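**Q** Based on the provided sequences and hints, a complete structural model is requested.
Chains A, B, C, D, E and F are the protein sequences, given in the same order. Residue numbers for the first sequence, in our numbering: 1 to 147. Residue numbers for the second sequence, in our numbering: 148 to 294. Residue numbers for the third sequence, in our numbering: 295 to 441. Residue numbers for the fourth sequence, in our numbering: 442 to 588. Residue numbers for the fifth sequence, in our numbering: 589 to 735. Residue numbers for the sixth sequence, in our numbering: 736 to 882.
Calculated directly from the structure, the hints in this document are not laboratory data. Treat the hints with care, since some could be wrong.
Below are the DSS-like pairs computed for lysine-lysine, each with C-alpha atoms no more than 30 Å apart in a straight line [unchecked claim]:
# : chain 1 : residue 1 : chain 2 : residue 2
1 : D       : Lys583    : C       : Lys436
2 : D       : Lys575    : C       : Lys436
3 : A       : Lys134    : B       : Lys289
4 : A       : Lys142    : B       : Lys281
5 : F       : Lys869    : E       : Lys730
6 : C       : Lys428    : D       : Lys583
7 : F       : Lys877    : E       : Lys730
Computed from a predicted model, the values in this text were never measured in an experiment.
Number of protein chains: 6
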Amino acid sequence: MNHSVTCTHRLVLPVDTNHHGTLYAGALLRIALEAAYITAHQAVGSGANLLLRRVLSLECYRPVPVGSMIEIRGVPLHMTRAYLVVGLLGVPLANEEGPWMDGLMGFVQVDSDGQPAPFPSELATPSTAEGEWKELGERMEKLLRVR
Amino acid sequence: MNHSVTCTHRLVLPVDTNHHGTLYAGALLRIALEAAYITAHQAVGSGANLLLRRVLSLECYRPVPVGSMIEIRGVPLHMTRAYLVVGLLGVPLANEEGPWMDGLMGFVQVDSDGQPAPFPSELATPSTAEGEWKELGERMEKLLRVR
Amino acid sequence: MNHSVTCTHRLVLPVDTNHHGTLYAGALLRIALEAAYITAHQAVGSGANLLLRRVLSLECYRPVPVGSMIEIRGVPLHMTRAYLVVGLLGVPLANEEGPWMDGLMGFVQVDSDGQPAPFPSELATPSTAEGEWKELGERMEKLLRVR
Amino acid sequence: MNHSVTCTHRLVLPVDTNHHGTLYAGALLRIALEAAYITAHQAVGSGANLLLRRVLSLECYRPVPVGSMIEIRGVPLHMTRAYLVVGLLGVPLANEEGPWMDGLMGFVQVDSDGQPAPFPSELATPSTAEGEWKELGERMEKLLRVR
Amino acid sequence: MNHSVTCTHRLVLPVDTNHHGTLYAGALLRIALEAAYITAHQAVGSGANLLLRRVLSLECYRPVPVGSMIEIRGVPLHMTRAYLVVGLLGVPLANEEGPWMDGLMGFVQVDSDGQPAPFPSELATPSTAEGEWKELGERMEKLLRVR
Amino acid sequence: MNHSVTCTHRLVLPVDTNHHGTLYAGALLRIALEAAYITAHQAVGSGANLLLRRVLSLECYRPVPVGSMIEIRGVPLHMTRAYLVVGLLGVPLANEEGPWMDGLMGFVQVDSDGQPAPFPSELATPSTAEGEWKELGERMEKLLRVR
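**A** Below, the structure is given as structure tokens:
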């Protein structure tokens, strides 16, 4: 992997929950988007002006109890001149195996008029996804072929 | 289509925007989830106890200016004993052609312990997606095969 | 009734509650306003530019537990060249009779300077309120005479 | 007036605005409810356990620009053994005459089961509304007869 | 004390809580800032254009349960031509002795370009802090010397 | 420094701003608290159950424009058996020198009854603050002596 992993932490508060006392899906999606946006922003660097173009995939594996300190890791997994796909992993909660969520979100760079534009500088192509990112990378490859 | 379409309206306020004065992706995802959840809830009827299991796809086609009254249509496109996929379409804004977003979200029914459970009553299988839902239905068929 | 009913659904989340675990009145008022605003917007159609002018009446009949999927129906009950009153009904919750709330909210049309203006097109006068709207229509008639 | 006036101040932030850059009606209603609730709570004293029962009237006279420091005055205008009506006045903004809003909200006392209950101590009956409260007091008298 | 005390009341709702069911520190800080800002605004009067410059001190003494009606008192304790320090006291909750929080926040006046500016009119120097403000006034004197 | 730095990123959205289009102080304090809480949580590790005890100092040096991607660095600067002080630095914005904020926040560990308790494991005493943390560390030493 050429790019370093970006970590986002968040305390799950009652304001984020559903009536089961776990992370509400609407809040989860907003938090995941923020984690992906920050990852994409770090990868592009200064001059980044990014818009969400698509969610390729987002899976919710386990409920997240209120009071949890969650961590979402993000890494760029695919990159063209003006489009970037971020992989996301919800780091396993205490006493659990496997991530509580994972996802793939694609962002485009836009200019000041909101029109698609190349990234401000050439970005290194991410190498093949490895380790904990392997499965997500493979899913992305399949999904990129579908569209 | 056996199921009627569920419509969700929302006024886009400054609280929902990014610094470009358009609908922020984090707010868009939360609003889309709510529209999908309401659609799924209507389809399942009383006894519904649903959790978001996955976002199969969500596409953002056009920025949505602050002050817009948006409408998201939802319809169940796939259904098994305990799993349901909702299709979403953001109805074209004034003076625009084509939806500003579309999406596919899958929900599971759970019992009071949060464990997967069959729906409280048997649901009619949606017929093949037609009209404005055709394209989304075809994308869903491909995506269901990927996983 | 010449106008069709507009339905607004909402899942009551902990973020919307008071410390009794039921819908907080401040959240209820905001949700009711949104339902009324959407109803008025649908009735006026494109070119609508509406401001809340008054709440003629809003009654809270029953507490709404967290986790409820609520539905508010709205319909225009009174209309002049530049002023419109929307009736609201909170559809009875499971196992309850009678609405959990009802209300009457009046909106004015304004031009781009925020000055009162006629509606962009002539609107059909609502016929006398009937069915579930009868009582609310009668209350409105009395209240319109008070002011 | 036997009861002292309760003042509530609030800075109007972008989070509270509509797309015209003025106080959004949904935020206004929530803020007005909070001001009324605090007024009622002060009047009843310790042991207060209040629920909004109705909005008898709420009028919006002028838009409130973002950045305004608003002040809402509240006073109990009517009181029975278990029901209390609060009058509200939005203190005129700089360079304006007349309040930007006024309103009348009725609260009930409930016991720990949420059932109507008498107030914990006998409350002084408010004397006839005078001064800036006169007009609102007269409107209330008419509205109390309507219901 | 030349300046009158400004009181801010707030009902602690689930939206403001942590997972222990008490006021979340992030919400507490925002509420305290608002109370201090309102106090400073009242002291400076019309023409006030204030920015938070520093928190000199903020102490949290006791958890505040959801459902509490809290009161924060604020008073200007120090004033120069363009800088003002507000003292804050969280009025003891029912059945408790001593404040649940206190604090000292410093604000600067700025002109329309955001540059430091003198206050619009000369403000009375607060006399030595007395009564319930004595301890906070002494802490402030020590802290002003540290910087 | 024995402890690694914890970074928190955040996109400043309109929901976070004041009417000048910059980060509102109330939002800044909440974001700073979250960054400090995450830092403290990382330092204590699993078993952390932390409450904010005090803000020793928080300085706002420069306004932060809407749309900024901000980064707050946090590090434990002081530690006893049950109390921990976190230092915070707002990483300079593009084209600016010096942090836009810094701060010092103290947290206590509590047991399940909310009573002060020792940390679950012995924590390394932070070495003397160096580099960009030097000034903040010195300010902390002075402030710890004041109280």
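**Q** It remains to establish, for every hint, whether it holds in the given structure.
**A** Each hint tested on the structure:
Between lysine 583 of chain D and lysine 436 of chain C the alpha-carbon distance is near 11 Å, which keeps this suggested pair within the 30 Å criterion. For the suggested pair lysine 575 of chain D and lysine 436 of chain C, the alpha carbons sit about 22 Å apart, so the restraint of at most 30 Å is met. The suggested pairing of lysine 134 of chain A with lysine 289 of chain B holds, with an alpha-carbon distance near 22 Å, which does not exceed 30 Å. As the CA atoms of lysine 142 of chain A and lysine 281 of chain B are separated by approximately 22 Å, the hinted pair is consistent with the 30 Å bound.
For the proposed pair lysine 869 of chain F and lysine 730 of chain E, the alpha carbon gap of about 22 Å is at most 30 Å, so the pair holds. A C-alpha spacing of about 22 Å is found between lysine 428 of chain C and lysine 583 of chain D, which places the hinted pair at or below 30 Å, so the restraint holds. As the CA atoms of lysine 877 of chain F and lysine 730 of chain E are separated by approximately 11 Å, the hinted pair is consistent with the 30 Å bound.
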